[in-house]
Structures are given as structure tokens and as C-alpha cells.
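Peer 1: Residue numbers (the numbering used here), protein chains in the order written: chain X, 1 to 315; chain E, 1 to 315.
Treat the hints with caution; some may be incorrect.
Here are the simulated distance ranges between beta carbons [as the list claims (entries may be wrong)]:
1) X:Tyr131 to E:Glu72: 26 to 32 Å
2) E:Ser13 to X:Leu256: 43 to 49 Å
3) X:Asp187 to E:Asp308: 41 to 47 Å
4) X:Lys168 to E:Gly132: 55 to 61 Å
5) X:Lys299 to E:Lys126: 21 to 27 Å
6) X:Ile19 to E:Asp170: 58 to 64 Å
7) X:Lys315 to E:Ile165: 51 to 57 Å
FYI, nobody ran anything at the bench for these hints, they're computed from the structure.
None of the values given here were measured: they were computed from a predicted structure.
Glycine included, C-beta positions come from ideal geometry on N, C-alpha and C.
There are 2 protein chains.
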Amino acid sequence: MLNILILIEVDESLKQKMIDECKGVNLVFCNRKEVTLEKLNEFDVLIGNLTMKLLKEPNNLKWIHFESAGVEKFLDIDENIILTNSTGAYGEAIAEYMIAAVFTLYKRFHEYIDNKIYRSWEYLGKVKRVYGSNVLVVGLGDIGYTFARKMKALGCNVSGVKRTISEKPDYIDNIYTFDNVDDVIGDFDIVALSLPHTKETDKIFDYNRIKKMKKDAVFINVGRGKTVDTDGLIKALEEDHLLGVCLDVVDPEPLLVNSKLWQFENVIITPHVSGNYSMDYTLERVVEIAIDNINRYSKGEELINIVDRKLGYKK
Amino acid sequence: MLNILILIEVDESLKQKMIDECKGVNLVFCNRKEVTLEKLNEFDVLIGNLTMKLLKEPNNLKWIHFESAGVEKFLDIDENIILTNSTGAYGEAIAEYMIAAVFTLYKRFHEYIDNKIYRSWEYLGKVKRVYGSNVLVVGLGDIGYTFARKMKALGCNVSGVKRTISEKPDYIDNIYTFDNVDDVIGDFDIVALSLPHTKETDKIFDYNRIKKMKKDAVFINVGRGKTVDTDGLIKALEEDHLLGVCLDVVDPEPLLVNSKLWQFENVIITPHVSGNYSMDYTLERVVEIAIDNINRYSKGEELINIVDRKLGYKK
Numbered sequence: 001m002l003n004i005l006i007l008i009e010v011d012e013s014l015k016q017k018m019i020d021e022c023k024g025v026n027l028v029f030c031n032r033k034e035v036t037l038e039k040l041n042e043f044d045v046l047i048g049n050l051t052m053k054l055l056k057e058p059n060n061l062k063w064i065h066f067e068s069a070g071v072e073k074f075l076d077i078d079e080n081i082i083l084t085n086s087t088g089a090y091g092e093a094i095a096e097y098m099i100a101a102v103f104t105l106y107k108r109f110h111e112y113i114d115n116k117i118y119r120s121w122e123y124l125g126k127v128k129r130v131y132g133s134n135v136l137v138v139g140l141g142d143i144g145y146t147f148a149r150k151m152k153a154l155g156c157n158v159s160g161v162k163r164t165i166s167e168k169p170d171y172i173d174n175i176y177t178f179d180n181v182d183d184v185i186g187d188f189d190i191v192a193l194s195l196p197h198t199k200e201t202d203k204i205f206d207y208n209r210i211k212k213m214k215k216d217a218v219f220i221n222v223g224r225g226k227t228v229d230t231d232g233l234i235k236a237l238e239e240d241h242l243l244g245v246c247l248d249v250v251d252p253e254p255l256l257v258n259s260k261l262w263q264f265e266n267v268i269i270t271p272h273v274s275g276n277y278s279m280d281y282t283l284e285r286v287v288e289i290a291i292d293n294i295n296r297y298s299k300g301e302e303l304i305n306i307v308d309r310k311l312g313y314k315k
Numbered sequence: 001m002l003n004i005l006i007l008i009e010v011d012e013s014l015k016q017k018m019i020d021e022c023k024g025v026n027l028v029f030c031n032r033k034e035v036t037l038e039k040l041n042e043f044d045v046l047i048g049n050l051t052m053k054l055l056k057e058p059n060n061l062k063w064i065h066f067e068s069a070g071v072e073k074f075l076d077i078d079e080n081i082i083l084t085n086s087t088g089a090y091g092e093a094i095a096e097y098m099i100a101a102v103f104t105l106y107k108r109f110h111e112y113i114d115n116k117i118y119r120s121w122e123y124l125g126k127v128k129r130v131y132g133s134n135v136l137v138v139g140l141g142d143i144g145y146t147f148a149r150k151m152k153a154l155g156c157n158v159s160g161v162k163r164t165i166s167e168k169p170d171y172i173d174n175i176y177t178f179d180n181v182d183d184v185i186g187d188f189d190i191v192a193l194s195l196p197h198t199k200e201t202d203k204i205f206d207y208n209r210i211k212k213m214k215k216d217a218v219f220i221n222v223g224r225g226k227t228v229d230t231d232g233l234i235k236a237l238e239e240d241h242l243l244g245v246c247l248d249v250v251d252p253e254p255l256l257v258n259s260k261l262w263q264f265e266n267v268i269i270t271p272h273v274s275g276n277y278s279m280d281y282t283l284e285r286v287v288e289i290a291i292d293n294i295n296r297y298s299k300g301e302e303l304i305n306i307v308d309r310k311l312g313y314k315k
């Protein structure tokens with residue numbers, strides 16, 4: 001019987017759901033802090049994230065299913081081990097976070113919240129309309145598509161940037177590649193990044209690209225901090241470029257206490273919390289994806305969410 | 001020829017649009033500060049708001065079209081004068097404001113923004129999911145319907161409260177009246193008020209009704225401050241009831257500097273700005289509605305947005 005080690009921190013009800021729905025396999029639930037190499041060697045399959053320190057040692061694993069979507073830390077794992085991730089679990093949480101970012105900045109809530117300390121009943125000026133805005137979603141994975149679909153439902157014109165042009169769903173108006181993003185970026189009111197960090201995406205948003213955006217654009221990053229050149233962003237902000245910025249990811253993390261980013265009233269910073277398990281639904285989805293993949297594996301069917309080690313994420 | 005005095009503050013392009021589209025009438029544009037009773041007596045029709053001090057004097061007006069949606073200050077005007085308002089212009093702006101309120105409070109942006117002063121990279125805990133939330137829209141006029149439609153598009157279950165049960169659009173699941181609102185209010189995650197202030201709606205949300213809401217509900221008021229009993233709301237907040245509150249209208253306005261409402265971290269306060277002309281689109285809509293009504297009036301057709309003086313708003 002297939003021995004599967006589960007490191008996802010599930011409550012009793014989700015644990016029972018996994019036991020009920022994964023037939024013909026031996027599921028062992030364990031606190032990840034208690035996993036030793038010896039313990040790990042008892043298993044064929046690992047479900048959940050573990051430190052590379054342990055995973056780089058020789059072991060008997062045939063398949064690792066990560067509970068995260070980002071897996072850049074794990075690409076060096078022995079090539080004979082299949083890697084899958086939990087893409088599809090985080091889109092809802094992170095897309096809703098992105099909507100919060102857009103509306104907060106558009107409606108000047110960040111300024112009214114700041115002003116509360118003065119008990120100030122003062123009109124701060126015009127606000128922008130989300131309906132009809134031009135939105136560019138950079139990185140069309142689960143997160144990007146989910147955000148795009150919701151923004152379309154709110155009446156936006158939504159375009160996307162991908163590595164390669166592919167068929168597009170109805171709720172996306174145009175798809176561009178990184179080769180021509182600079183030709184169109186000046187048309188967008190909202191530019192939102194949900195990119196993995198790879199060699200290709202490192203600092204892909206630098207000073208020059210940011211300056212090509214509209215002066216009153218909103219800029220959001222929920223992917224990886226290293227896809228933005230922090231100094232370039234700060235320089236653009238110092239030149240009063242951009243209406244507002246919302247960063248859930250920065251480079252480095254945690255954001256340095258002396259970073260200038262903290263000083264801008266129109267920059268919202270959250271400590272890499274848009275995904276994780278900040279929203280209960282995410283954990284439920286992670287478990288559902290894991291159950292689906294365990295059943296596929298035990299039946300010899302094709303797995304979903306296989307990580308392409310060259311791309312660094314699910315193909 | 002019909003003499004029409006326009007007090008709406010239009011720019012050159014909207015002024016030209018009115019001149020081009022209102023045929024066979026004499027439009028006179030004027031700064032409202034320069035209007036005297038003598039001047040007013042030259043006109044058959046007034047388009048735009050003016051102080052009651054002038055409007056209660058005998059005059060030759062046959063029809064006044066207000067640029068606001070709320071007209072409670074004007075109900076005593078001579079009954080021979082037809083009153084119409086600009087309901088339909090404000091829904092977009094105020095509904096988007098309400099969405100900002102929901103997402104800011106759900107995603108704890110108000111707390112992360114407050115925390116920025118400490119340069120704190122600290123996780124503040126779980127957030128709620130907007131998708132699947134139960135939303136109760138109290139007051140189904142233009143604003144309520146627009147908010148309901150947008151929240152439905154974001155995956156919420158949306159119900160409404162009206163004075164009387166009527167046919168409902170597809171995007172609303174259930175309609176209740178004020179007689180049975182207390183039976184259902186405890187089911188809702190988000191309760192949003194967009195009510196006019198009338199005798200019937202005065203302090204319609206008091207301490208007891210607020211306490212019947214879920215302990216972790218979000219409460220929003222964008223209608224009129226006097227529809228909520230401020231002291232009752234403060235008492236409920238002091239008892240740690242409600243996840244968060246967003247008030248664009250309070251009683252009295254401006255909010256007193258020593259009001260306890262300023263002290264709650266989970267209360268967002270804006271100075272009655274969700275509507276007005278905070279969003280450019282609103283003025284464009286006000287002008288479109290005015291043009292439509294001017295053309296109806298000059299052709300002897302039925303006017304839209306006639307104010308029911310007993311109800312205190314458009315029927």
C-alpha cells in the first residue's frame with residue numbers, strides 16, 4: 001500500500017475528509033517540525049512543504065506535492081521525483097486582495113484612513129471610476145486569471161501579459177507577450193503583477209518600464225518581490241509617478257525598516273499575506289487539490305499541476 | 001420660448017453638450033451665488049440645487065430639477081411646482097465606494113494601513129472571503145440596486161430590504177420589508193444602508209437592530225446619517241459587536257471632533273463624499289438626465305424622476 005506523509009496542517013474535519021476520500025492508500029498525518037530523514041524514508045509520497053535541507057538528502061520519495069503555488073526554492077530536487085504544486089488554491093484569496101488594493105487606492109480610502117488621526121472631516125478630492133478602467137494583468141496563472149475575471153465582472157477592460165500567446169478566455173480582451181508590453185503599458189490604468197520569480201522575470205519591472213505606465217496608474221505586486229526593481233520603483237514614486245502602489249511582496253522580505261517604501265502615503269504594504277492560508281477557503285482548496293492528485297496517483301492516472309523545472313512553475 | 005436657468009457647474013464641453021442636445025429652449029447658465037429672486041423670476045424652469053431661502057419665496061417656476069438625489073430639504077416647496085431629482089446619477093460612484101468599504105474591511109487593509117506608521121511587517125490574522133458572502137442591501141433605489149448587481153457579479157448572495165415587496169431583478173435573491181428585517185438580519189455578513197431620511201427611516205438602525213446582526217458583520221451607511229442611531233452604534237462597537245463599519249454619512253455632519261466614532265480602529269469615516277461629484281462620471285450622468293428631462297418637458301412628455309413629496313424621494 002502507498003505510504004503518504006501529509007504535512008498540511010489540517011483540522012479534524014479536513015483530516016477526516018482526506019481519509020474518507022483517498023481510498024486504498026496509507027495516509028500519515030505529521031507535524032512538519034517532527035519530520036526526520038529516517039521518518040521521511042518510510043514514505044513514497046510527500047504532501048506538503050518541507051525545508052530543502054531535508055529534501056535534498058537521498059530519500060525514497062517518488063512524488064512530492066507542495067501545498068504552495070510558488071516552488072522556486074525546490075527546483076533542485078532530484079529529477080527522478082515528480083513535483084506538483086497547489087496552483088488553483090490561491091487565486092481566489094489573492095484576486096480578492098488585488099480588488100481591495102484597486103478600490104482602496106481608487107477611492108482614496110488609504111488617505112481617509114490616514115486622516116482619521118486628525119479627526120478631519122475634509123474632502124480629499126476626486127476619485128477614479130473602476131468601471132471602464134483598463135487593466136493589465138501581468139502573469140496569467142490561476143491568480144491572474146481569477147483577478148481578470150472578477151475585474152471584467154466589475155466592468156473593466158482587461159488585458160493580460162504571458163510568456164507566449166495562447167488562446168484566451170472571453171473575459172480577457174487582449175493578450176500580449178513581454179516582447180511588446182512596453183508598447184502598450186502606457187494605455188493601462190491598473191497594472192497588476194502575479195509573476196513567479198525566475199531568471200526571466202527578475203526585476204522585469206524596472207524604473208524605465210514603470211515610467212512608461214500612466215502617471216496616475218495603480219501598480220500592484222502579489223507575485224514575487226524580486227520581479228520589481230525596488231530602487232527603480234522608489235525613484236519613480238519620488239518623481240510623483242503612479243497614483244498608488246500596493247505591494248504584498250517586496251525585495252527583500254521582510255521589508256527593511258529603513259526602506260523608503262514605508263514613507264509614501266500612496267503605497268500600501270502588507271507582509272506577504274494575500275495568499276498563505278489567510279483565507280480559510282484556500283486551505284480547503286489545497287486539500288481538495290491534494291485529494292484529487294492522490295487519487296490520480298494511486299490509480300496511475302496523469303497528475304495535475306506538474307511543475308516544469310525549466311519554467312519554475314506549472315506549465 | 002421656455003426660459004431655463006442652469007445652475008449645474010458644467011465645464012465648456014458639458015455646457016456645449018446641453019446646448020446642442022436641448023433644442024427649442026433658452027438655456028441660461030449661471031453661477032448659483034449670483035442668483036437673486038429677481039433673476040429667478042425670469043425663468044420657467046430651474047435645473048440645479050439652490051438654497052431653500054430663495055426657493056420658498058413666490059416665483060414663476062413651474063418645474064425644478066435637482067442635481068442631487070436626496071431632496072429632503074426641498075419638500076416644502078410650493079406644491080404647484082413639479083420637482084424632479086437626479087436619481088440614477090449617483091449609483092455608480094456610491095456602489096463602487098461601498099465595494100471599497102467591503103474589501104478594505106474584509107482584507108484588513110485599514111489595519112495594515114494603520115500599522116504602516118510602525119513599519120511593521122506583521123501578519124494581522126485571517127481575512128474573510130467576499131465570494132459567497134451574504135449581503136443585505138437596505139434601501140433599493142439606484143444606489144442599492146447598483147451595489148447589489150456588482151456584489152452579485154463578485155459571487156455574493158444578495159438580498160434587499162424595501163418599503164414594499166415588488167418584482168425583483170435576477171441579481172437579487174430575496175426581498176424583505178422592514179416588518180421582517182429583524183427575522184433575517186442575523187444571517188448576513190454585510191449590511192449596507194442606502195436609505196433616504198424620512199420620518200419612517202429615522203434611526204431605523206438602533207442598538208437593538210445592530211445587535212441582531214452577526215457579531216462579525218460589516219455595516220455600511222451611505223444614505224443619510226440620521227437613519228442610524230449613532231449612540232446605539234457606538235454602544236454596539238464598545239461591546240465588540242461588528243467586524244467593521246464604514247460611514248460616509250453620520251449624524252450630525254460634520255462628525256463632531258469629540259465623537260467616539262473616531263476612536264474605533266475598525267470604523268472607516270469619510271466626509272459625505274461617496275456621491276457628490278467625487279467621480280467625474282456622476283456629473284456626466286447628472287447632465288444626461290437633465291437633458292433627457294428638459295427635452296421631455298419641452299415636448300410635453302412625462303418627466304422622469306418625479307419626487308413624491310409624501311415619500312420624500314422618487315417613487
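Peer 1: Taking 51 to 57 Å as the hint, is the beta-carbon distance of lysine 315 of chain X and isoleucine 165 of chain E inside that range?
Peer 2: Holds: the Cβ-Cβ distance is about 53 Å, inside 51 to 57 Å.
Peer 1: Is it true that lysine 168 of chain X and glycine 132 of chain E lie within 55 to 61 Å of each other by Cβ?
Peer 2: violated (27 Å)
Peer 1: The hint says 41 to 47 Å between aspartate 187 of chain X and aspartate 308 of chain E; measuring C-beta to C-beta, is that right?
Peer 2: Because 45 Å falls inside the window, the suggested range holds.
Peer 1: Return holds or violated for the Cβ distance of isoleucine 19 of chain X and aspartate 170 of chain E against the range 58 to 64 Å.
Peer 2: violated (41 Å)
Peer 1: With 21 to 27 Å as the target window, see if lysine 299 of chain X and lysine 126 of chain E comply at their CB atoms.
Peer 2: With a Cβ separation near 35 Å, lysine 299 of chain X and lysine 126 of chain E fall outside 21 to 27 Å, so the hint is violated.
Peer 1: Evaluate the given range 26 to 32 Å for the C-beta pair formed by tyrosine 131 of chain X and glutamate 72 of chain E.
Peer 2: holds (28 Å)
Peer 1: Between serine 13 of chain E and leucine 256 of chain X, does the beta-carbon spacing fit 43 to 49 Å?
Peer 2: Given a distance of about 48 Å, which is inside 43 to 49 Å, the answer is holds.
Of the numbered hints listed earlier, those contradicted by the structure are 4, 5, 6.
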